[in-house]
Amino acid sequence: MHLVFATYRPISLIEVPKLHTNLLWDLTLLFIGLSALYFVCVFFFKSKFTFKSKKVSSKKKVLAPMISKFLFYEEESESKEEKNSYIQLKIEIRDLIKDRFNHLLLSEILQDLQKDVSGNTQRRLYKMYKDLGLHLDAFKKLKSWRWEVVSQGIFELTQMQVAESYGFISQFINDKRGVVRKQAEIATVSLKHEGLSYFLDTTRCNISEWQQLKLMDVINNLEDFEPPRFKKWLTSTNKDVVLFSLRLIRHYNQNDTNASIIELIRHKNNQIKSEAIYCIKKFCVFEARETLKNMFWKSNTEVKIIILDAIASFEIEEDVAFLKHVEKKESNFTIKSKALSSINTIIPGYILPTKGLSKVEPTNSKMEVDSESVSEEPIDNTELPKEEELVLNEVDAEVNEKDEEIKTDTISLDSCIAEEEETPKIESVEENYIIEEILEEIEPEVKEETKVVTSPRENVFEKVYAERDTKDKELLLDIIDKNGDHREIPLLKEIAAKEKNMTIKERALEIIFAFSGKGPNSLKEVEKSSLEEDYQGKSIFEKLFYTSDSISKLMLLDEILEVGDHKEIPFLESLTSHSDRRICQKAKLVKQQLKAKLEELKPPEVEESIEIEENTGVEIDLGAKDLVAFYDENDSGFIEVKKKKKKIVASNESVYPLEDVQIEVAKPKIKLNFELEGEICKVSSSEDSEQVLFSLDKENTIKKFSNSLNSVFNYFYKQH
Amino acid sequence: MDSEFFNIILDYISAVFLVFTFVLFVLFGLMGYLSTRNSIHYKNKNSFGDLSKVMASPMAPSITIIAPAYNEGLTIVENIRSLLSLQYVNYEVMVVNDGSKDDTLQKMIEAYDLVKIEREIDPEWKSKPIRGIYKSKQRSFSKLTVIDKENGGKSDALNTGMHLSENQYVGCIDVDCLLLPDALLHVVKSFYQRTQKRVIAVGGVIRVANSCKISGGTLEEIRLPKNWLARFQLLEYTRSFLLGRMAWGRIDSLLIISGAFGFFDREIALAVGGYDTKTVGEDMEIVFRMRRYMNDRKEPYTIEYIPDPLCWTEVPESIKILINQRDRWARGNIETLTKHKDMFFNPKYGKLGMLSFPYWFFYEWLAPILEFFGLFSILLFSYLGILNWDFFIAITATIYTYSVMFSLYAILWDVYLYNQYKDTKSILILVFCALVEPLFFHPIVTFSAIRGNYKKLFKIQSGWGVITRKGFAKV
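Top to bottom, those sequences are chains A and B.
Numbering-wise (this note's numbering), the first sequence opens with residue 20 and increments by one.
Numbering-wise (this note's numbering), the second sequence opens with residue 462 and increments by one.
One thing to keep in mind: the hints can contain errors.
[Unchecked claim] Derived coverage of chain A by chain B (criterion: at least 3 residues anywhere in the stretch with Cβ under 8 Å from a Cβ of chain B; other residues may be distant):
{"id": "1", "segment": "211-222"}
{"id": "2", "segment": "582-591"}
{"id": "3", "segment": "603-614"}
[What the hints assert, rightly or not] The list that follows gives simulated cross-link-like pairs (lysine-lysine, DSS-like), each with its CA atoms no further than 30 Å apart:
{"id": "4", "chain 1": "B", "residue 1": "Lys562", "chain 2": "A", "residue 2": "Lys490"}
{"id": "5", "chain 1": "A", "residue 1": "Lys88", "chain 2": "A", "residue 2": "Lys65"}
{"id": "6", "chain 1": "A", "residue 1": "Lys134", "chain 2": "B", "residue 2": "Lys562"}
{"id": "7", "chain 1": "A", "residue 1": "Lys65", "chain 2": "B", "residue 2": "Lys562"}
{"id": "8", "chain 1": "A", "residue 1": "Lys492", "chain 2": "B", "residue 2": "Lys596"}
Hints were generated in silico from the structure; no laboratory data involved.
Glycine included, C-beta positions come from ideal geometry on N, C-alpha and C.
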């Protein structure tokens with residue numbers, strides 16, 4: 020017994036570690052200490068963030084007006100005082116940014132602001148950034164050992180378009196730190212137009228798909244960018260450069276490099292292969308057909324589908340044999356399916372659906388179909404059936420199933436046809452090609468009669484389109500889009516002009532665009548021409564409103580109040596019965612406020628018989644309450660001023676009435692020889708005039724009389 | 462002799478518990494470190510740049526969001542509306558009505574003006590029969606596709622969606638989840654930012670939406686849940702997603718992507734056969750299979766994890782539903798671990814076999830069982846009068862303070878990175894939750910896991926259980 024015990028102890032497999040209870044308590048204390056530290060840190064960070072955000076917002080209030088004054092300063096201004104005040108402001112800002120926090124904040128504000136401005140203002144902003152020496156900070160960041168600081172520096176210099184930094188930044192193009200490298204790539208492309216070529220020449224690293232997306236975005240936004248011929252990078256040893264170049268070739272339609280692209284179909288990399296095929300498809304490189312067919316069997320599913328798609332796009336009947344072969348040999352359902360659809364693209368109706376159809380009596384059908392393939396396999400037509408016959412059969416099947424929708428349509432069309440029988444017959448079937456087809460589909464028996472219906476275009480609109488509900492209209496447009504061609508354009512234009520529903524109107528315009536086969540400019544023209552008439556007397560917000568989500572709609576209502584005019588009233592009225600309660604309530608509120616505002620802004624009835632000559636210039640409402648000035652561009656030295664009937668001084672605004680300024684108003688034309696001090700409240704436009712509203716500074720307005728008002732007006736006139 | 466033998470057994474038990482606890486402390490410490498590094502890296506990397514610039518790029522990939530719906534009539538219309546308003550151009554919302562017994566389909570048809578369309582379906586595809594595919598007549602809903610099929614469970618519905626999708630990536634989400642507008646941009650970035658490795662899946666954080674102000678499918682105000690159970694879950698989710706998964710993501714060993722917000726490379730997901738319809742832990746199981754698939758082919762790959770709060774969901778507010786949910790999770794865990802048991806400490810699978818799988822085995826599956834066993838032993842020893850009270854109290858205090866410390870660390874990182882709960886009161890409530898969670902909430906979770914194990918062991922049939930949700934519109 021003793022022996023057993025004695026031998027057991029020395030060879031015991033495990034000795035439980037003797038944990039002293041005090042050690043556990045020590046650990047407990049350590050964890051309590053750490054917990055307390057974390058607790059403190061939680062509130063430290065929380066208050067730090069809160070404090071910082073408060074400080075930032077208060078500083079922004081100080082800096083924002085300074086920046087805007089700075090940005091809107093007219094360099095050509097001859098006034099010494101203005102120049103002095105500009106220099107004063109500059110000194111003030113320089114003093115302010117001696118403080119590190121202000122320095123960083125100003126840099127941050129300018130970077131934020133540059134996203135919201137464009138053109139001249141943006142250029143001034145970039146200039147201001149450099150004038151204040153803020154870019155030097157960003158340059159310093161480039162020397163940091165921390166990747167995030169370097170990246171931030173590159174990012175800032177890129178955002179603020181500091182072209183001088185190009186040389187410094189382009190050195191980072193092959194940096195081993197991924198984030199730095201990616202920022203450098205974007206900066207190189209963005210800062211100089213030749214940067215893209217330099218980047219493609221120099222980069223040895225991989226370019227991720229995400230990076231390519233970003234680069235593409237940068238390139239698209241470059242002003243006056245002349246893209247280089249990207250074919251020279253198709254031989255690059257960097258596969259990502261080849262891939263990106265192919266994408267750029269496709270994007271910029273550079274179809275002068277077909278031979279290289281055909282070669283790239285044989286590339287081992289599937290992405291490059293796919294991209295090359297996309298190019299071939301886009302540029303219709305017929306010479307690539309054989310290579311595509313040869314490569315087909317060696318490719319994976321994804322590439323195979325792209326190849327089939329490309330072959331289909333060529334629409335060459337000789338390829339049908341190959342596609343049939345693919346369909347027979349391939350086991351993958353998707354590829355088989357794609358092969359069949361490609362055949363149908365080349366020869367429409369070559370393969371017919373066989374599933375889900377009702378049995379059709381052969382006597383009714385004129386189709387000549389290969390009897391072997393009817394039963395199970397998709398039908399392989401050696402003699403192509405006429406499309407109309409095909410449609411008839413399908414419709415027969417559908418009619419047999421007593422589809423409710425068709426029934427409804429038939430009824431409405433029946434009534435429509437009955438009414439139309441009295442109208443004179445005009446043979447202009449061509450114009451309403453699809454309408455006719457639709458009618459055929461709906462009720463084949465009335466085919467003859469529909470010709471009557473479809474004759475005069477206006478009648479077609481009234482009878483076939485106008486009486487339909489929104490859903491039907493959308494369906495009709497879908498069918499036209501799918502099956503129609505340019506012959507539908509007149510009807511579509513009519514729809515676009517007369518339709519009140521903005522979604523349908525837009526849809527019609529899109530189809531016109533698609534059928535007209537023109538570029539985006541022509542779409543704009545079509546849109547303009549059809550909407551021009553339509554928008555007269557209508558709210559410009561209407562279109563935007565119906566294409567926005569709820570939040571945007573509410574925001575739009577705010578905007579209506581800000582910049583809207585009398586045209587918005589009927590629109591707001593229509594919104595008071597909106598299904599969304601919030602929109603409905605807000606519309607009511609906005610309508611009331613807008614009415615009140617418009618009442619206030621109503622052109623005054625001239626109290627002191629100041630006759631204004633015909634108002635052809637810019638109307639400037641001085642103080643928005645008392646004075647209205649007209650600036651005539653043809654007579655730049657004169658400002659016409661008229662006085663409002665009532666003098667209203669808003670509590671938070673300082674408005675200087677004309678009498679107090681002691682300007683002679685008896686004359687219709689006076690030369691306002693003083694400098695206007697105050698804040699520009701608003702710039703709005705109506706049909707025939709531009710309106711600039713000023714809130715005048717009571718203290719300073721009449722202190723300085725000078726010509727500067729002219730330049731201010733000039734500026735705003737140019738702007739609008 | 463008997464007493465000696467008993468002591469030895471006790472020694473062994475103590476040793477197991479001590480080693481287990483020690484390793485747990487070390488692992489959690491490491492997790493804290495790795496997640497911190499990953500979080501800082503992520504924050505620095507994403508502190509500048511504008512994602513939205515590329516949302517309409519012609520090069521942006523196409524994504525299908527698949528949302529299975531079963532008896533979701535109450536909230537389906539609003540939920541779809543939210544999904545349709547995401548900031549991305551090239552995407553499709555595919556709602557799979559999994560044989561709902563209520564008016565889910567009817568409501569969708571009415572609200573979105575749906576019509577049945579014809580489409581060829583691979584006859585060899587194995588899933589429950591599809592009754593119809595619907596598209597909207599209205600152009601504004603052209604992104605929406607509704608699949609109506611016979612009931613086959615969530616996995617079957619997701620598989621159907623995956624099969625019918627034609628896009629490069631598929632997102633599998635819960636239809637009642639609320640995605641932030643820029644969610645897809647983050648997902649695309651994650652899929653597209655790698656050059657050396659193929660990203661086969663992307664997972665993200667799930668945040669608790671209970672009591673948040675949601676209007677028109679948009680998250681308007683983030684609020685702390687009013688229900689205490691939801692608050693505990695919020696803390697648990699913060700800890701798990703911000704520390705746990707962030708750390709696993711750092712070492713590319715993430716083994717689970719939440720079923721509520723998971724995106725997959727469709728090609729790979731279909732190559733492994735989609736979701737397993739025989740398990741209730743399908744979200745974890747598919748990740749195992751996809752990883753194995755890539756590993757076996759020796760193709761470089763990774764799974765990305767997005768820590769940004771992009772997906773918001775309601776968590777159970779009743780104990781019964783919570784227990785059912787956790788019971789299901791436990792069963793899913795066992796099923797997956799059993800199915801892939803050959804990976805356990807298998808060096809062929811690298812970190813996956815040597816680290817992730819064992820961790821999952823010991824600390825996700827075994828831990829609740831050991832806890833239960835430990836509690837049982839304490840009661841027994843206490844009854845027998847052999848419990849060393851001094852030691853017991855000391856070690857309990859150590860473990861308790863460690864757990865509180867870990868929770869506070871999670872709260873700290875949540876505040877540092879996202880600072881979503883603006884008022885001090887909310888943070889104090891969360892801290893209070895951290896203090897009492899080990900005493901009240903954790904035992905419920907342990908009990909649920911034991912119940913799941915028990916059901917699995919004795920093959921008691923149990924499916925998904927019913928989760929009743931208020932719906933965001935009603936919150």
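Quick rundown of the hints versus the structure:
1. 211-222: violated (count 0)
2. 582-591: With 0 residues in contact (Cβ-Cβ under 8 Å with chain B), the coverage given for the segment 582-591 of chain A is violated.
3. 603-614: violated (count 0)
4. Lys562/B / Lys490/A: holds, 28 Å
5. Lys88/A / Lys65/A: violated, 35 Å
6. Lys134/A / Lys562/B: violated, 51 Å
7. Lys65/A / Lys562/B: Not OK: Lys65/A and Lys562/B at ~48 Å, beyond 30 Å, violated.
8. Lys492/A / Lys596/B: Judged against 30 Å, a Cα distance of about 16 Å means the pair holds.
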